[in-house]
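Q: Each chain, letter by letter, is given below.
Protein chains: 4
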Amino acid sequence: MHDGHKIVSIETLRDRLRDFALERDWDQFHTPKNLSMALIAEAAELVEHFQWVEGEKSHLLEDKVRPSVEEELADIFIYLVRIADKLGIDLYAAAERKIAINARKYPAERVRGSARKYTEYEGDDA
Amino acid sequence: MHDGHKIVSIETLRDRLRDFALERDWDQFHTPKNLSMALIAEAAELVEHFQWVEGEKSHLLEDKVRPSVEEELADIFIYLVRIADKLGIDLYAAAERKIAINARKYPAERVRGSARKYTEYEGDDA
Amino acid sequence: MHDGHKIVSIETLRDRLRDFALERDWDQFHTPKNLSMALIAEAAELVEHFQWVEGEKSHLLEDKVRPSVEEELADIFIYLVRIADKLGIDLYAAAERKIAINARKYPAERVRGSARKYTEYEGDDA
Amino acid sequence: MHDGHKIVSIETLRDRLRDFALERDWDQFHTPKNLSMALIAEAAELVEHFQWVEGEKSHLLEDKVRPSVEEELADIFIYLVRIADKLGIDLYAAAERKIAINARKYPAERVRGSARKYTEYEGDDA
Chain A
361 MHDGHKIVSI ETLRDRLRDF ALERDWDQFH TPKNLSMALI AEAAELVEHF QWVEGEKSHL
421 LEDKVRPSVE EELADIFIYL VRIADKLGID LYAAAERKIA INARKYPAER VRGSARKYTE
481 YEGDDA
Chain B
361 MHDGHKIVSI ETLRDRLRDF ALERDWDQFH TPKNLSMALI AEAAELVEHF QWVEGEKSHL
421 LEDKVRPSVE EELADIFIYL VRIADKLGID LYAAAERKIA INARKYPAER VRGSARKYTE
481 YEGDDA
Chain C
361 MHDGHKIVSI ETLRDRLRDF ALERDWDQFH TPKNLSMALI AEAAELVEHF QWVEGEKSHL
421 LEDKVRPSVE EELADIFIYL VRIADKLGID LYAAAERKIA INARKYPAER VRGSARKYTE
481 YEGDDA
Chain D
361 MHDGHKIVSI ETLRDRLRDF ALERDWDQFH TPKNLSMALI AEAAELVEHF QWVEGEKSHL
421 LEDKVRPSVE EELADIFIYL VRIADKLGID LYAAAERKIA INARKYPAER VRGSARKYTE
481 YEGDDA
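Protein chains in written order, with this note's numbering: chain A, 361 to 486; chain B, 361 to 486; chain C, 361 to 486; chain D, 361 to 486.
In short, the hints are calculated from the structure, not lab data.
Any given hint might turn out to be false.
For identical chains, the list gives no copy identity; a pair is met inside one copy or between any two copies.
[To be verified] 30 Å max Cα-Cα, derived BS3-like pairs, lysine-lysine: (1) Lys465 to Lys366; (2) Lys366 to Lys424; (3) Lys366 to Lys417; (4) Lys465 to Lys424; (5) Lys366 to Lys446; (6) Lys424 to Lys446; (7) Lys446 to Lys417.
So that you can see chain A by itself, here it is in the shape it has in the complex (with noise of 0.2 Å):
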């Protein structure tokens, strides 16, 4: 078994996560293509969690529940680490191209605080 050094940065991870598929021999699973079905199953185990419950009330996890929602949010890293790995692309610069886009977009003093300005302009906002 592999352990590797702990996990502190997004390098270590993706390093982790490059071991891991080597040792099984499953890269050739590991399209973009797949991985990006992969991450959708995991969002949507997310979703699963916070379905029936109030928005207001989905901040409040259950210490039962906890363990499973910090799994899922664990796969999606997982699964977003590996795609950004193989298709060579920088997650904090993308974040931060995005981050930019989305000032411009939404400028504060025109958005504050309006659900109405808020869902009019919604789809794709930090």
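With chain A's structure known, arrange chains B, C and D on it following the hints.
A: Frame of chain A, contents of chains B, C and D only:
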């Protein structure tokens, strides 16, 4: 407009997103429930890029497509970090735990290289 | 251009979709795998309509939004019928069986009216 | 327990689902918002079946897998009919309109047989 520091860690990204929402008074909309919906909507936009492409070819992003794939990954990353922040979950620690779980579940010597073995165990693997 | 008969049943819809794909030589792309990706991408567009709206208010579609919600439902329906056709699955019979399963799993007298009970059983209910 | 009539049309399915929710006092949870989340969660379970399988092979469901794929399709169908009912949308009319839109958007003679053409137009096709 807030610029903040260059994004070089999950903590700086988390802080930038906190500021972004605060400046727009958007925290009221950012329940874990709503954020999980936003995340899966972005995951679906990623899936859409690959839906008619063969798996092998999904590695090769055309130049005109690459920027939008980068944007989808950024969006997923942004919502993931935002949800983790709202729920007080440490993404690295969660990923560490999940990889340990996967390592026990899929011992390299048992599952190596076989799609057969792989799909039998499918569902939540790294 | 092919018009076909008015769509008044799943069978007529299925036949129209068969013709549509045949005329475009698209069957080669319509693997169950690809169609499942297309379906979830459409489901996500539906989710997107409701992501920042409060649950209660999600009943009230504004006039300008209604046509696009109708389109998302149509897209989901179209891909669902197409997958079922490709896999030789009878949707009514499958729904019939699933409702019977749910009826056993969630006896009315046990789960009635309680969100508490409801969420405990969450995951696959009608 | 309510049995209702055999399901042979969308209307009978819709009525069965109405009764099912009524008997359990679940209408309060069945907002379009929540139902859209439930639908996408089921769509993801379908995607999960195909995530590591090659496209061509996704036609061939093994006997042990078929019942659960049938269940996922049933779940998607159930939630789709339930949302359409809640929003007063006629699924056949909506599908009819969408196919007409797609027919104009993808003229057979222009898009025939080419993955190239196909992917250029990707996003919302039948």
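Q: Checking an output row: lysine 446 and lysine 417, CA cutoff 30 Å. Within, between, both or neither?
A: between (37 Å within a copy, 12 Å between copies)
Q: First find the shortest C-alpha distance between lysine 465 and lysine 366 inside one copy, then the shortest across copies, and answer within, between, both or neither for a cut-off of 30 Å.
A: Classified as between: cross-chain Cα gap 20 Å, same-chain 38 Å, threshold 30 Å.
Q: When no copy is specified for lysine 465 and lysine 424, does a C-alpha distance of 30 Å or less occur within a copy, between copies, both, or neither?
A: For lysine 465 and lysine 424, the Cα distance is within 30 Å only across copies (22 Å; inside one copy 40 Å).
Q: As a check of your reading, is lysine 366 near lysine 417 (CA-CA no more than 30 Å) within one copy, between copies, both or neither?
A: neither (34 Å within a copy, 34 Å between copies)
Q: Within a copy, between copies, both or neither: which one fits lysine 424 and lysine 446 at a CA-CA cutoff of 30 Å?
A: between (35 Å within a copy, 18 Å between copies)
Q: Is it within a copy, between copies, both, or neither that the alpha carbon of lysine 366 lies no farther than 30 Å from that of lysine 446?
A: Close inside one copy (22 Å) and across copies (24 Å); limit 30 Å.
Q: My question is about lysine 366 and lysine 424: at a cut-off of 30 Å on alpha-carbon distance, are they close within one copy, between copies, both, or neither?
A: within (26 Å within a copy, 37 Å between copies)
When held up to the earlier numbered hints, the structure conflicts with hint 3 and nothing else.
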